[in-house]
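**Student:** Read off the chains here:
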Amino acid sequence: MKLDARIPSGPVPQKWSVCKRDLKLVAPNNKRKYEILVVGTGLAGSSAAATLAELGYQVKVFCLQDSPRRAHSVAAQGGINAAKNYQNDGDSVHRLFYDTIKGGDFRSREANVFRLAEVSVNIIDQCAAQGVPFAREYSGYLTNRSFGGAQVSRTFYARGQTGQQLLLGCYQAMLRQAHLGQVRIFPRTEMLDLVVVNGHAKGIVVRDLLTGKISSHAGDAVVLATGGYTNVFYLSTSGRGSNVTAIWRAYKKGAAFANPCFTQIHPTCIPVSGDYQSKLTLMSESLRNDGRVWVPKQPGDKRPPAEIPESDRDYYLERMYPAYGNLAPRDISSRATKRVCDEGRGVGPGGLGVYLDFSDALRRLGRSVIAERYGNLFEMYEEITAENAYETPMRIYPAPHYAMGGLWVDYHLMSNLPGLFVIGEANFSDHGANRLGASALMQGLADGYFILPYTIGNYIATAKQTRPQPDAAEFRESEAEVAATIKRLLAIRGKKTVRQFHKDLGKILWEKCGMARTAAGLQQALKEIPTLREEFWQNVSVPGDDADLNQSLEHAGRVADFFELGELMCRDALARNESCGGHFREEYQTADGECQRNDTEFAHVACWEYRSAQQPPVRHIEPLTFEEAHLAERSYK
Amino acid sequence: MKLKLRVWRQKNAHTPGQFVEYHADNLNPNMSFLEMLDVVNEQIAAKGEEPIAFDHDCREGICGACSCVINGEPHGPHDKVTTCQTYLRSFQDGATVTIEPFRANAFPLIKDLVVDRTAFDRIIQAGGYISVGTGHPPDANSLPVPKPLADLAMDAAACIGCGACVAACKNASAMLFVAAKVSHLNLLPQGQPERDVRALAMVDQMDKEGFGACTVTLSCQAVCPKGISGSFIAKMNRDFLRAMLLNP
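Residue numbers (the numbering used here), protein chains in the order written: chain A, 1 to 637; chain B, 1 to 248.
Pulled out of the complex, with its shape left as it was, chain A reads as follows:
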């Protein structure tokens, strides 16, 4: 497997300029001859589709949802980072770059991260021009809030609905192109295979979720913007439809899967309330601007929070990480929370919860200011828990939230399969072993608006490939395989539901490949998952047929891929004999329980190559070098 990251020469701050200087172009009158397939319509997919269409390419867009506007980017609450330095608090492109590299525990690619910080400023300008209603001061200028892992205020927001508003911005830009005939949208359509012709990604096989019809689309390039895979844990903050299938099928066609074990467990989610639960709800990290996290000092203290005096409270994030306090990064905050709960100091049912307390901020700022900042989040909390957070502290606990791992891409955001581009959460490149808050929206839009539209032209101009017909042999074969898998799932007629299998898999992964991992636990998981997968293919019950909408069948196909992904995550976690960011191997920790990185042996990206169902995958590496940000211990103390 050849992994050439194609990082341009020269000093890190100049690399993107060098790259753009050297990119080959496609003439405006030629662009219309090329067709690009974009899968997924979140921030990355919609912004890419809109921009590519504006440039003149013919674009086809595919999404699972009934409307592209419902992609899960819509649920991002808190904000989007940009190095605008509007607050005059010392922010700069370099500082955003460094915070992101350090936040990712020095396991991301320096050149990509610098470029991300560099284009972040353009994103805000673009979105404001589209009419995204960002929060403003009375002067009419844009305002900012703070997020974890930063000592500046660089997060732009639109109440607690930033993701929704940014998504509507790029969705509307994309629909404008649909109006002009440059974009064709295929909603309720699921990509079930990637088609590779002469070593180049040249198309996809999709299933119409309403009719069950399987069909092929050929293109000059394929862009996967299909989001993250934390639903592998069953309970997560992802939308229920979020899945790994598109990138997993690409992996099985030869694309390298990078750092699959790097998953983010977000510290502030509403705790699990019962076995029936199907989804976990995030409470935005922005709440930690004004909320203080605490637990009782004594294990087993059952008093209601109002009756616990200050002297009996442990504001553990402020105590352990005084420089960042409640805005310590997510991986660190989650682990600290797990630790205090493991000590028996957790609150609420099962002791799996900690308080997020606004009483100081309410005293300092008044209820109307807090309502202005977080009103909709407080309402959402009350809907779910029937508790009023203005009066009693919220209870929160960590939950799976984001996948830093994903398909490997080079500096051009192209995978090792030529013609296959991967953007947004679906790729691995920018967040290393932990993502900072308000950086996912930034990355999705950076990739889609400002990076991919440049680099994809270079591929098209230099690859000189012809677009195959969608009835070529490679497409026929893929269609037959997809149809056979569906037929097989429907023919089992077993006794156990898809959901039950998914839950069982999630439990294994949460316990053994979640917030804390050990070699023994991972080895155990690597025995349990294949056994469960075997049982799935013998005993799963998928009712109905494939001739109309069948949500059980959709779920079954995705869970089948989650089994294989779960196994790869455990392999990856087992092979990485160090702790970094969200990957915490208990064997590798410092005396005070922090991550013990091993830069000599593991300052690299782990890239997995699929071979076959019978042979284990092969682990390749892409070494990470640091010129601009020097490898250092990651401390927030």
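These are computed hints drawn from the structure, not numbers from a lab. Any given hint could be a false lead.
EDC-like cross-link-like pairs, simulated, lysine to aspartate or glutamate; straight-line CA separation at most 20 Å [as the list claims (entries may be wrong)]: (1) B:147 / A:372; (2) A:213 / B:116; (3) B:11 / A:548; (4) B:11 / A:382; (5) B:47 / A:208; (6) A:487 / B:49; (7) B:80 / A:382; (8) B:47 / A:545.
We have chain A already, so just place chain B on it with the hints.
**Tutor:** Frame of chain A, contents of chain B only:
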């Protein structure tokens, strides 16, 4: 707690549908309405029968996918929440709960509780945007927007496109949805150049899609999970009339 459910079941658009009764036992008042349907669906699936199809995704009240009419009210009994954010504590133990799809000519039924709302996308496509391409627009702070205006635009932009307004309206009118988008963009300085053409094009497309006329009963406002104000309809009417007069 327990509930008796009457659920609209319909295999597809070409097959007649009917209400089917299900008994949901051992429920917990802290369950969400959709988690209750998940539990019922598990029981149905365990018997090898087809579960009840319903649209859902984020389950946080923001994606706009979920869409049931519960006891005659779109998104159920609770104000300003979606079906996915409706909890069983809003129902009496032992109650009968009727669950139907959003019904409107412009929202053809697909299966059970799932309907086709792509008409909304086509309305946005007609003009629900500011025609700025990706590139290098001026610095975001070069165009200050007065805070009250920005806040009002955000109130309108909060629409999640679920279609409850249409389902609640006796005429199946989409006025609140269209008014929210027209107002969001027409209030902002960035939206002024296309103010007239936007109002005309979006209203025209709304009519073509077969949505009914608005008689301002404001049932839409009453059921809107995001509390979008009916006053935006007045704003859109004004913009529409202005555009008609200026562009005869």
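**Student:** Now tell me if each hint is right for this structure.
**Tutor:** Hints, verified against the model:
no.: 1; hint: B:147 / A:372; verdict: holds, 13 Å
no.: 2; hint: A:213 / B:116; verdict: holds, 18 Å
no.: 3; hint: B:11 / A:548; verdict: holds, 8 Å
no.: 4; hint: B:11 / A:382; verdict: violated, 37 Å
no.: 5; hint: B:47 / A:208; verdict: violated, 27 Å
no.: 6; hint: A:487 / B:49; verdict: holds, 17 Å
no.: 7; hint: B:80 / A:382; verdict: holds, 12 Å
no.: 8; hint: B:47 / A:545; verdict: holds, 15 Å
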